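Add 664 to the 1-based position in the sequence shown for our numbering, that's all there is to it.
Treat the hints as calculated values from the structure; they're not laboratory data. Note that the coordinates shown come from a computational prediction; the quantities given were computed from them, not determined experimentally. From the three backbone atoms N, C-alpha and C, an ideal C-beta is built for every residue, glycine too. One or more hints might be untrue.
Said to hold, decoys possible - Mimicking DSSO-like on lysine-lysine, the simulated pairs with C-alpha atoms at most 27 Å apart in a straight line are:
#, residue 1, residue 2
1, K808, K821
2, K784, K750
3, K903, K821
4, K758, K745
5, K808, K784
6, K784, K758
7, K821, K758
As the list claims (entries may be wrong) - Simulated DEER-style distance windows between Cβ atoms:
#, residue 1, residue 2, range
8, E874, D749, 19 to 27 Å
9, R781, E871, 23 to 31 Å
10, N875, S791, 36 to 44 Å
11, E871, R898, 15 to 23 Å
12, Q669, E804, 44 to 52 Å
13, D793, C717, 53 to 61 Å
14, S773, C717, 37 to 45 Å
15, G694, E670, 17 to 25 Å
16, S895, E670, 31 to 39 Å
17, G694, R781, 35 to 43 Å
18, K761, E670, 36 to 44 Å
19, A863, T667, 52 to 60 Å
20, E778, A716, 33 to 41 Å
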Amino acid sequence: MRTIQEIKSDMAAEWMRNEAVQERYGLASGASFGDHFGPASVENMMLYVMAACAWTVERLLGEHRAEVTEQIEAIIPHRPKWYRDKVLHFMEGKELKEDSDEYDTAGMSESEIERARVVKHAVAVESRDASLLTIKVAGESGGKRGPLSAELERSLKAYIAEIKDAGVRTALVNMLPDTFNCEVDVYYNAMLQPEAVRAECATAITEYIENLPFNGEYTNMALVDRLQTVSGVRVVEMKHSTARAANESTLTEIDARITPAAGYFTPGVITVNMKAYNEQAG
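Work the whole structure out from these sequences, hints included.
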């Protein structure tokens, strides 16, 4: 929304370009409004009043547009992102305002609101046939992702049931992270100590796995690319990688890529085989 001064400046510029005004006041083409009309001039005051009126109209129209948009969004089915945002705004130990999907946060500080919002990671994914909306969530403690407690999960389910659109089927996923395992062959600069390079590679794998975006897709290629950035690494060969969801007993072989069932991973068995790289042979 423009300010009164911005509107007035636009009007003054148009005033100075008007041929009739130039002829009436004897103004040269390209002259500046401020060079010919002082702050107390009738012309300046007239433009200010008109700019203030225009600003008032723009503000009223802007508020009206926002109200209409809010009302429209309140009556149409919501997109998955809306559910994700709403879940992130779930507050522990707080009740919704009556007949509303909003909390009364009056009197709460920003830090109190942030502490009450215990869901730190969330994503909502619609099934292919659009019959089920899966909502994955995770909390956070000490900078590490983790599942919500059973009590919080029950409260969150009740919250979702209260705010969701009529007829929408939802499934809440709140579980321990999927376990990621892999074995890689790392060909390293033979002038370096293999254990030092191995340690850096293991750290790189752990950091990559733990810092994937929530519900982000893992790919073998991206992990290999990350290992290639480790100092001393010449060639990386992925032997195999697997994942196991917390509610599954069997491992899943990763064929190029996978999205974790829980929305996030924790490192499992990481095997890094070190092989000296012969520069002349290479």
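Violating hint indices (sorted, rising) | 3, 10, 16, 17
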